[in-house]
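Engineer: So you can see what is in the structure, the chains are spelled out below.
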Amino acid sequence: MKRPFILILVSIFLLPLVVRPAIASEIWIFAIFGLGLNLLLGYTGLLSFGQSTFFGSAAYVAGWLLKFYGINAFLALGIGVGVGAASAALVGYLCVQRSGLYFIMLTFALNQLFYFTAYQWTSVTGGEDGMPGIPRPVLLGIDFKDPLVYYAFVSVLFLISLYAMKRIVESPLGKILQAIRENEIRAEAVGYNVPRFKLLAFIIGGAFSGLAGVLYAMLFGIVPLEAISFVFSGNVVFATLIGGSGSLYGPVIGSFVFIWLSESVSTLWARWPLLLGMAFVIVVLFLRGGIVEAWSRFWLWRSSKQKN
Amino acid sequence: MNKLSRRDILKMGAGAAAGLGFPAIIRAQSKEIVILGLWDATGAFADVGPINDRGMKMALEERGMQVLGRPIKYITRDGATQAGTSTRRTEEAVDGEGAKFVIGPWSSGVALAVSEVAKRKKVLHLFSGGTEDISGSRCHRYSFQWAASPYTAAKTVVDSFMKANPKAKRWHLLVADYAFGWSVEKYIKEVGKSHGLEFVGADRHPLGEREFSNYVQKAAANKPDVVAMINFGLDAVSGAREIFNFGLTPKIPLIMTWSSGVEELVQLSPEIRENIWVGSNFYYTADTPVAKAFVKSYQAKFGNPPGYAPSASYSMTRLLLAGFDKAKSAEVQDVIKALEGIEVNDIVGHMRMDAATHQNIRPYFFMRCKSKSAMKHATDFADIIATGDTPLPKEYGACKDIGGF
Amino acid sequence: MSFVAAQILNGIATGMLYALMGLGLSLITGILNIPNFAHGALFAVGAYLLASAANEIGNFWIALVVAPLGVALLGLAIEYVGIRRLYAVGHDYQLLFTFGLALILSESIILIWGPVGYSYLPPPILRGGLDLGFTFYPKYRLFVMVMAGLLVLVTWLFLEKTRYGAIMRAGIENKEMVSLLGIDIHKLFTVAFALGAYLAGIAGALTVPIRGVNPGMGVDMLGIAFVVVALGGLGNLLGAIAAGLIIGVAQALVAAYWTEASTVVIYAVMAAVLLVRPQGLFGIR
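Protein chains in written order, with the numbering used here: chain A, 2 to 309; chain B, 60 to 464; chain C, 194 to 478.
Just so you know, these hints were derived from the structure itself, not from any lab. Check each hint, because a few of them may be wrong.
[Said to hold, decoys possible] Computed spacing ranges between beta-carbons, pair by pair: (1) I376/C <-> L286/A: 22 to 28 Å; (2) K459/B <-> L140/A: 29 to 35 Å; (3) K380/C <-> S124/A: 55 to 61 Å; (4) W122/A <-> K181/B: 30 to 36 Å.
Just so it is clear, CB atoms sit at the ideal spot from N, CA and C, and this is done for glycine as well.
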């Protein structure tokens, strides 16, 4: 097994000792969300500023079914994945033809459209108040109300997602997506149907977002309106960039840092967004490539010193 | 460097965690009573959280930070005026810090979400008001509402205003488009029937609207005798400002039905405030001994009079402490039982917590703003012209069964 | 009928402000090709600077000159220190940077001026309103309409009729060519960003007597500015002006008949237009 994988496994075991299980769970849920985005951002070169569309839609649909029909948790997760993929197919279909700033703006605009729909459709979504009362499942006689049990459940799903994403990016599909990122025109010239592959990346990313959305709803027992807002879309982009979009593990590390720091610093200083903003600026000016790259540069620097 | 034992690493982790505000391993001492103030420092109510915090702190410091001979540990979390963040941080404080008593947050929608957490985590939750659901359709044993019922507010405002302006029968309503706005609107129309009011318009605006000119022009076109706004915070401030800009006030009166009082009025200039009538859960000239003492020490500390926000958190904290005293226990269920039916004289006057609905039965205030020339000092905004405490009639009550623990 | 006319007039007045915001953002996105998420924060800084300056100096008109210049200077500094280094990197890092900047600016506003907003009345000569026959309208709003219109016109003339403006437009069309002509493209970028910041700042300053100041005012405006730019076409200055007016009037008319939808309509219009005409209403690319 490779070192990053072992590191992740170790942190899965150590994390609940250090932070609350709810926050620990959130970190891995957010990491799943980030994995989905990074297929678009890091591997295909598409900056989607509307990922919460899929996260939120899945959370609302699965949350509704869990709440009023008490469906099985696995079914809820499956439906979440499906809704995430379907909404991503819709948004992706409308967006993949565009590029650059237009692409970003269109994903953002469609996100706003979904947001305001959820905001106005109070009879279903609860609008501002959110959709509360989403039960956590009881599966095979195990009660997931215990935060640690639920944490274990989330961790397993995260590991599966990570493995699946690893397989995807290492597959021929992943190579094609990277070729599109490197040079879209060449990929087109070689004979790949670029928009179709972009759409496929969207759908897969949406499926991951959907999974994360349902897990999030079950974790906190509520689908808050912000789950479908551009704030969430932004957060997942920022977390991924902080971690480093160039690597499979970037979004994982990013969500770890982003959630942990924003949760802990916010209890220390009310004006913590100021520090967050500074962190963004510093990352952009000095640490492009994110933590993953900074880390590998550090090792490079260390080993070069040792040789001397 | 590589010789660190597992135990050392764990210790370091715990130390770092405590330093970063996650004392997961260091459990709260059992002797301490941990009370959480969920006050927004970011988001739509970023301006309110810090003054909520002031009021709560003052109430706790009055008692020397202890009750029943046990020390009180006061912790706060930033709910960011968002349901997700607020519920998450509440759970974290309950699990991690051992908080069993939660006060806040300021937004009624977010408070509803936090109320669900309180129910699930079995902790006591006190919150100010705005929605009728917590003491209505979504009532349960763990949440209490301090502010007046929307019905009490509507009744006080309409009755008192009509007494002063019997001829102003044509009303135009401007309503924030969410649960709070709808419920007050419903009761204003209901109470309005007995006065023969004609509602020439009732427009709903999205929460967080900043461009009110369109609504105001529409209101002007209806030629009403009075405009009544049912919105809160910046929405109310923006609306009042635009109603003045378009020349409606001071020619015709404007009613701010459910205002935060000082916090909103201070953002309007004296010219804008002319002929504005204000309904609020508290105004600092309230003629009660508790209010007088509170206002005096608040002004000495912060230089300006307290509005609804610090007063609510102050009074809620006092109510909770009164619950401890009555229960002679810091167990959640004992305190809840003590609070049910409790009667106290507090800053707003006489308060009684209705056991069946967990709705505070208490006076609501109605003020008229002073003209610039009549103001004696910079914060002499208004005079209280009436109070009212008619509780919600039984037939409207949606809380049929408050349930068990 | 007079009611509809009044709503349209009002839509134009608000739309002019939107156009001013959109014009600045369009200039920045068009020439620098970056998504400027700090544009709303610059708007807020302009508003706060005006309110402070007007209170300090006691004269609204001097403050109206000074405040936007302050924002332009801030823009100059931001471009010089940060954005200049980001032209070669992807939109993702540009976005992260400008978003971080927006956080820093809006939090600094809270730290400097406090979390509670306040009102500022128009100068005495512009208080009250005029009876236009079909409606009563505040003098100050009419002033803003004229002022914003003039600013838009001056900016337009500058870009169309002056040599430097021509270079800027060329910069939107083809950056390589501008560089080949021996023009310092970096200087062009700096000036463009400062000009865009100036327009955001003066839009903020002009808004103060209407909306007062509060720390969240920038975020409220940012979304609209983006819609205006996307609707008008990236880098299309005439398009930004038209889109600003369209959004303003659409919002006013929807608010007249279906008030709840007045926010949704902005984004619905934008999404619909982008789907049919991805380059925006007036975009060519």
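Engineer: Confirm or reject each hint.
Structural biologist: To see whether the hints hold, each was checked on the structure:
no. : hint                          : result
1   : I376/C <-> L286/A: 22 to 28 Å : 27 Å, holds
2   : K459/B <-> L140/A: 29 to 35 Å : 34 Å, holds
3   : K380/C <-> S124/A: 55 to 61 Å : 57 Å, holds
4   : W122/A <-> K181/B: 30 to 36 Å : 32 Å, holds
Of the hints listed earlier, there is not a single one the structure fails to meet.
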